[in-house]
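Asker: Go ahead and model the full structure; you've got the sequences and the hints to work with.
Just so you know, this note's numbering puts 296 at position 295 of the sequence shown, and the rest follows in order with no gaps.
Quick caveat, the hints were computed from the structure, so don't treat them as lab data.
As the structure is a prediction and not an experimental result, all values here were calculated from the model.
Careful: at least some of the hints might be erroneous.
Claimed, not checked - For each label pair, taking beta carbons as the anchor points, the in silico distance ranges come out as:
#, residue 1, residue 2, range
1, A177, P307, 15 to 25 Å
2, S292, L78, 45 to 55 Å
3, A178, D120, 52 to 62 Å
4, D120, Q268, 13 to 23 Å
5, L78, E287, 52 to 62 Å
6, E287, G107, 26 to 36 Å
7, E171, D43, 18 to 28 Å
8, A317, A103, 46 to 56 Å
9, G107, H303, 31 to 41 Å
Virtual Cβ for every residue (Gly too), placed ideally from N, Cα, C.
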Amino acid sequence: MADVWVFCQEAGGEPTSLGLELLTKARELGDVTALYLGSGSDAAFATLGDYGVSRVYHFDPGDELASGPVAAAIADLVEEHRPDLLVFGQGYDDRDIAGRLAARLGLSVLSNAVDVAIDGAVTTRHEIFGGSQIATATVEGDGPYVVLVRPKSFPAEPAGGPPPSVTSVELPDVGAAKARVTGSHVEEREGPQLEDAAVVVAGGRGLGNPEAFELVERVAKTLGAATGATRAIVDAGWVPYAKQVGQTGKTVKPDVYIACGISGAMQHLVGMKDSKTIIAINKDPEAPIFSVADLGIVGDVHKVLPKLAEALEARAGG
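Answerer: As structure tokens, this is what we get:
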């Protein structure tokens with residue numbers, strides 16, 4: 002059975018949804034060890050056990066920037082235990098730590114994978130050309146192997162299991178690579194998190210102006226949905242980067258995705274095309290977004306969205 006190590010970060014005192022997705026896949030591949038970054042707690046470790054983790058290496062950087070010291074600590078553990086596979090997500094800290102780890106150990110990294118298998122060699126699958134084609138990569142030879150996996154590639158499903166053994170790892174001094182976090186700010190938001198929302202209402206350049214994004218927010222509020230955006234309106238400063246969906250933003254997989262004034266550029270489709278039901282509103286009947294939509298409305302979002310909001314509000318009030 003393969004020895005699989007999974008990087009899992011803490012947010013709000015709990016393992017992130019991305020980490021739980023990776024753990025769900027990892028337990029299919031072998032015996033799972035979690036590389037857990039955060040303050041840690043009995044409840045958090047119990048959750049890891051529920052997702053199939055048998056052992057936890059716990060890293061608590063305190064007010065230090067985690068990437069340098071955590072990568073150095075993991076490198077020491079890898080050299081001592083030689084796991085077969087290390088799995089990271091395509092998160093910011095994941096990529097930073099994985100890159101530093103690979104540089105320290107002279108390892109290659111397979112990035113942006115949507116699936117991974119290990120049987121002597123490691124095989125990964127990667128979506129290319131906006132997901133219209135699948136490329137397969139295989140790495141042979143002595144491990145360990147390092148793989149970065151896209152969010153929402155796997156469902157996060159608990160399997161039930163006892164609490165894992167936990168080892169607290171002391172972080173080494175990394176000299177000039179050491180940095181201290183002097184302050185942090187929690188993003189203010191209403192409603193569910195974009196990555197975890199069951200319903201997402203997203204707006205694009207077709208809204209015409211930043212004030213029109215209020216229509217998106219009005220519909221989302223009625224549905225209890227999260228709001229998303231294309232890169233075009235994020236770059237234009239209409240909405241914060243945290244709302245961006247797509248290749249250089251967030252990957253979402255809600256039950257319902259409502260695309261409002263979004264043309265459907267490949268870079269955006271990569272981040273939302275696997276939504277269970279896609280509803281597109283666009284005045285251009287030839288817009289690429291209709292190629293992935295389950296329901297398409299050819300019309301002006303400035304006329305369609307107010308009517309939709311009114312209907313939803315009347316239904317909620319009734």
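Asker: Which hints from the list above does the structure break, by number from lowest to highest?
Answerer: Structure breaks hints 1, 3, 4, 6 and 9.
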